[in-house]
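Q: Spelled out, the chains give:
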Amino acid sequence: MNKTQTNSIGFSLSSDRVSVIILLIPALIFCTIFIFIPAFWAIVGSFYSYGMTSLNDWKWVGFDNYIKASQDEFFWIALKNNFIIVFASIVLQVGVGTILAAILDRGIKYGKVIFRTIIFTPMVISSVAVSIIWLIIYDPNVGILNSILKAIGLPTPSMGWLGDPDISIWMIMIVAGWQNTGFMMVLILAGLQGVSKEVYDAAEIDGATGVKAFWYITLPMIRNIIIVAILITTIGAFKVFEFVYVLTQGGPSNATQVLGTYIYLQAFNLLHMGYANALSVVLLIIALILGWFQLKASRRA
Amino acid sequence: MSKFKLANIFAYGFVTLFSIYVLLPIIVMILTTFKTRREIFLEPLGLPGQFNFSSFEKALSIGLGGFIFNSFLVSLFSVILIVIIAGMAAYVLARIDFRINRYVYLLIVAGFAIPPAAVLVPLYVTVSNLGLLNSIYGVVMPLTAFGIPFTVILFYAFFLDFPKEVEEAATIDGCSKMQIFFRIIIPLSGPAIASAAIFQTVWIWNEFLLALIMLTSDEVKTLPLGLMKLRGEWSSDWPSIMAGLTIAILPVLIVFLIFQKYFVRSLAGLGK
Numbered sequence: 001m002n003k004t005q006t007n008s009i010g011f012s013l014s015s016d017r018v019s020v021i022i023l024l025i026p027a028l029i030f031c032t033i034f035i036f037i038p039a040f041w042a043i044v045g046s047f048y049s050y051g052m053t054s055l056n057d058w059k060w061v062g063f064d065n066y067i068k069a070s071q072d073e074f075f076w077i078a079l080k081n082n083f084i085i086v087f088a089s090i091v092l093q094v095g096v097g098t099i100l101a102a103i104l105d106r107g108i109k110y111g112k113v114i115f116r117t118i119i120f121t122p123m124v125i126s127s128v129a130v131s132i133i134w135l136i137i138y139d140p141n142v143g144i145l146n147s148i149l150k151a152i153g154l155p156t157p158s159m160g161w162l163g164d165p166d167i168s169i170w171m172i173m174i175v176a177g178w179q180n181t182g183f184m185m186v187l188i189l190a191g192l193q194g195v196s197k198e199v200y201d202a203a204e205i206d207g208a209t210g211v212k213a214f215w216y217i218t219l220p221m222i223r224n225i226i227i228v229a230i231l232i233t234t235i236g237a238f239k240v241f242e243f244v245y246v247l248t249q250g251g252p253s254n255a256t257q258v259l260g261t262y263i264y265l266q267a268f269n270l271l272h273m274g275y276a277n278a279l280s281v282v283l284l285i286i287a288l289i290l291g292w293f294q295l296k297a298s299r300r301a
Numbered sequence: 302m303s304k305f306k307l308a309n310i311f312a313y314g315f316v317t318l319f320s321i322y323v324l325l326p327i328i329v330m331i332l333t334t335f336k337t338r339r340e341i342f343l344e345p346l347g348l349p350g351q352f353n354f355s356s357f358e359k360a361l362s363i364g365l366g367g368f369i370f371n372s373f374l375v376s377l378f379s380v381i382l383i384v385i386i387a388g389m390a391a392y393v394l395a396r397i398d399f400r401i402n403r404y405v406y407l408l409i410v411a412g413f414a415i416p417p418a419a420v421l422v423p424l425y426v427t428v429s430n431l432g433l434l435n436s437i438y439g440v441v442m443p444l445t446a447f448g449i450p451f452t453v454i455l456f457y458a459f460f461l462d463f464p465k466e467v468e469e470a471a472t473i474d475g476c477s478k479m480q481i482f483f484r485i486i487i488p489l490s491g492p493a494i495a496s497a498a499i500f501q502t503v504w505i506w507n508e509f510l511l512a513l514i515m516l517t518s519d520e521v522k523t524l525p526l527g528l529m530k531l532r533g534e535w536s537s538d539w540p541s542i543m544a545g546l547t548i549a550i551l552p553v554l555i556v557f558l559i560f561q562k563y564f565v566r567s568l569a570g571l572g573k
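As they're listed, the protein sequences go chains A and B.
Everything in the first sequence is counted per our numbering, starting at 1 for the first residue and increasing by one.
Everything in the second sequence is counted per our numbering, starting at 302 for the first residue and increasing by one.
If you're looking for bench data, these hints aren't it; they were derived computationally from the structure.
All C-beta atoms, glycine included, are put in the ideal place defined by N, C-alpha and C.
Treat each hint with caution, since some may be false.
[Unchecked claim] Only pairs whose alpha carbons sit at most 20 angstroms apart, straight line, appear in this in silico EDC-like list of lysine to aspartate or glutamate:
id, chain 1, residue 1, chain 2, residue 2
1, B, K306, A, E204
2, A, K150, B, E344
3, A, K197, A, D105
4, B, K530, B, E358
5, B, K562, A, D105
6, B, K530, A, D139
7, B, K359, B, E520
[Unchecked claim] Pulled from the structure, derived: some chain A residues nowhere near chain B, Cβ distances all over 10 angstroms:
id, residue
8, D57
9, P155
10, S158
11, G251
[Claimed, not checked] Label pairs and their in silico Cβ distance ranges:
id, chain 1, residue 1, chain 2, residue 2, range
12, B, S436, A, F74, 28 to 36 angstroms
13, A, G207, B, D398, 47 to 55 angstroms
14, A, S253, B, L551, 31 to 39 angstroms
15, A, S253, B, R400, 48 to 56 angstroms
16, A, I25, B, T472, 52 to 60 angstroms
17, B, L346, A, A297, 39 to 47 angstroms
18, A, K212, B, F483, 37 to 45 angstroms
19, A, A297, B, G491, 27 to 35 angstroms
20, A, Q71, B, F483, 55 to 63 angstroms
21, A, S253, B, L377, 52 to 60 angstroms
22, B, L361, A, L270, 30 to 38 angstroms
23, B, F560, A, P165, 48 to 56 angstroms
24, B, F560, A, I285, 34 to 42 angstroms
25, A, K212, B, E358, 55 to 63 angstroms
Pulled out of the complex, with its shape left as it was, chain A reads as follows:
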């Protein structure tokens, strides 16, 4: 055993470089084959027209796919929905998550672990399962939402909770908030627990307690974590797929379509591979911009 080690010292300089390359290369190979090369082909493919059965029969169409997208009402609805989900998620998941974290950190004395465990639980359940559970809750015939409203004499939407284009995207947000708020709470709670007790003692001497202390002292101190939470939520909002796919399939009449489901629809239901690529490139550009912000935030942190 010792002998081989002594031998390797003989060419330690080059062997070091070799082992560095061996350590690094698997990660690069995986990411290149399954992320970067596909990203390259998505860009190239967006200038062609081809279908599932003619994957090798590409027809050059120039910018036609992008022109088509700019005139495609459903693409704009999908993009708009992604932005609605970004803002709603920041308010509902990061905002409510922050309030919950603040309460669990210093607002209450008893039951902290129990509350934290309950609120965090949805995070480990699959989004598909979560969406199916909410399908029965929203169901016009057997759902408890309608039953509760009827029991207290309130009106219920005539087209169903998911069938009304004006409210269906918000019903999806309720499900997304149900699953993800606990995650944000835990993330922010970890940041709050890093704030030392002395800070609060000093604040109290200055007359800042409770909500006031939280707003003026705690919040600025956990600014970086809030930024990370907002970034994670924003990136997640552009990845949304399961909630929409299971709850509404993008309906009614494409009102709840998001980029993920619309790309899937164009590629695998309508077999417009070239057009799906053009939509993917839009998502790719947004993702890379967000990734750039992520990089900036992590450098600062």
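Let chain A serve as the given structure and place chain B on it in line with the hints.
A: Using the frame of chain A, we list chain B on its own:
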């Protein structure tokens, strides 16, 4: 004093209401499994008349066990690959002064930002060309690739805080970088490995989009696809659908409740 009490009532009230919002759907799911189809239609808010286990038998008969087994294999293989491959890369980035590290890190962050939907069609073609459609490796490979960047970032932060002295001693003893990584770094990285494995397991166990396009035959489908199959085949047989969900969710919930401290700790570390 009264102001203090009011704030207290608000604080407890808020977390209690939120907890009810979280628990209610889970309670609905469990109660519905024991109800009959007649009961859920006539009294959606009522309790089941008797504990009726027939819906569980029906849910198992559709092959839920197989879907769970496939998800188990996909998660196991992907998580092992991700942890080893990302750990090696993160070690080089954090510890070895190598000219291209800066660019590699930029690539990793770019890889983290790109969602599967942004490369959906070419990814499908790649897996198809590799002959891996309808094989669990057709999802294991891309899921590993998509799991690596995030895990590298996680490990990178951990390795930066790692004491350098241990490695220096090992270098003097004549260990190569490779030996240092596998014999010294890995055995001392338990907490980071546990965090990464937990996070990736939760994500891969629940992953849906890639499985949806790569796996079309029942023998290879993972659990989320299996749940969609339940939903598709028994559109209004809610007790059986909910029984299927309960069977699928309960093991994960039990594991979570036992290890919840570690789950919370692993996810909380992300903000750092």
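Q: Indicate, hint by hint, whether the structure satisfies it.
A: How the hints compare with the structure:
With a C-alpha separation of about 18 angstroms, the suggested pairing of B/K306 with A/E204 holds against the 20 angstroms cut-off. Between A/K150 and B/E344 the alpha-carbon distance is near 12 angstroms, which keeps this suggested pair within the 20 angstroms criterion. With a CA separation close to 12 angstroms, the supplied pair A/K197 and A/D105 stays within the 20 angstroms bound. Of the pairs offered as hints, the one joining B/K530 and B/E358 holds, with about 16 angstroms between alpha carbons and a cut-off of 20 angstroms not exceeded.
For the proposed pair B/K562 and A/D105, the alpha carbon gap of about 16 angstroms is at most 20 angstroms, so the pair holds. Between the alpha carbons of B/K530 and A/D139 the distance comes to roughly 19 angstroms, so the proposed pair stays at or under 20 angstroms and holds. At most 20 angstroms may separate the alpha-carbon atoms for a hinted pair to count; B/K359 and B/E520 meet this at roughly 18 angstroms. Annotated as non-interface, A/D57 keeps its C-beta farther than 10 angstroms from every C-beta of chain B; the closest such distance is 13 angstroms.
Against chain B, the non-interface label of A/P155 holds: every CB pair exceeds 10 angstroms, the least being about 17 angstroms. The non-interface label for A/S158 is consistent with chain B: the shortest C-beta to C-beta separation is roughly 18 angstroms, beyond 10 angstroms. A/G251, annotated as away from the interface, keeps every beta carbon of chain B farther than 10 angstroms; the closest lies near 16 angstroms. About 33 angstroms separates the C-beta atoms of B/S436 and A/F74, a value consistent with the hinted range of 28 to 36 angstroms.
A beta carbon spacing of about 51 angstroms between A/G207 and B/D398 agrees with the range 47 to 55 angstroms that was offered as a hint. For A/S253 paired with B/L551, a C-beta distance near 37 angstroms keeps the hint of 31 to 39 angstroms intact. Distance hint check for A/S253 and B/R400: the Cβ-Cβ separation is about 55 angstroms, which falls inside the suggested range of 48 to 56 angstroms. Taken as a hint, the range 52 to 60 angstroms is violated for the pair A/I25 and B/T472, whose Cβ atoms sit roughly 22 angstroms apart.
At roughly 46 angstroms, the beta carbons of B/L346 and A/A297 sit within the given window of 39 to 47 angstroms. Between A/K212 and B/F483 the Cβ separation comes to about 53 angstroms, which falls outside the hinted range of 37 to 45 angstroms. Range check, A/A297 to B/G491: Cβ separation about 28 angstroms, and the 27 to 35 angstroms hint holds. A beta carbon spacing of about 56 angstroms between A/Q71 and B/F483 agrees with the range 55 to 63 angstroms that was offered as a hint.
At roughly 42 angstroms, the beta-carbon separation of A/S253 and B/L377 lies outside the given 52 to 60 angstroms, and the hint is violated. In this structure the hint that B/L361 and A/L270 lie 30 to 38 angstroms apart at CB holds, the actual value being about 36 angstroms. Restraint check, B/F560 to A/P165: a C-beta distance of roughly 42 angstroms breaks the suggested window 48 to 56 angstroms. Checking the proposed 34 to 42 angstroms range against B/F560 and A/I285 shows it holds: the Cβ atoms sit about 39 angstroms from each other.
Between A/K212 and B/E358 the C-beta distance comes to about 58 angstroms, which sits within the given range of 55 to 63 angstroms.
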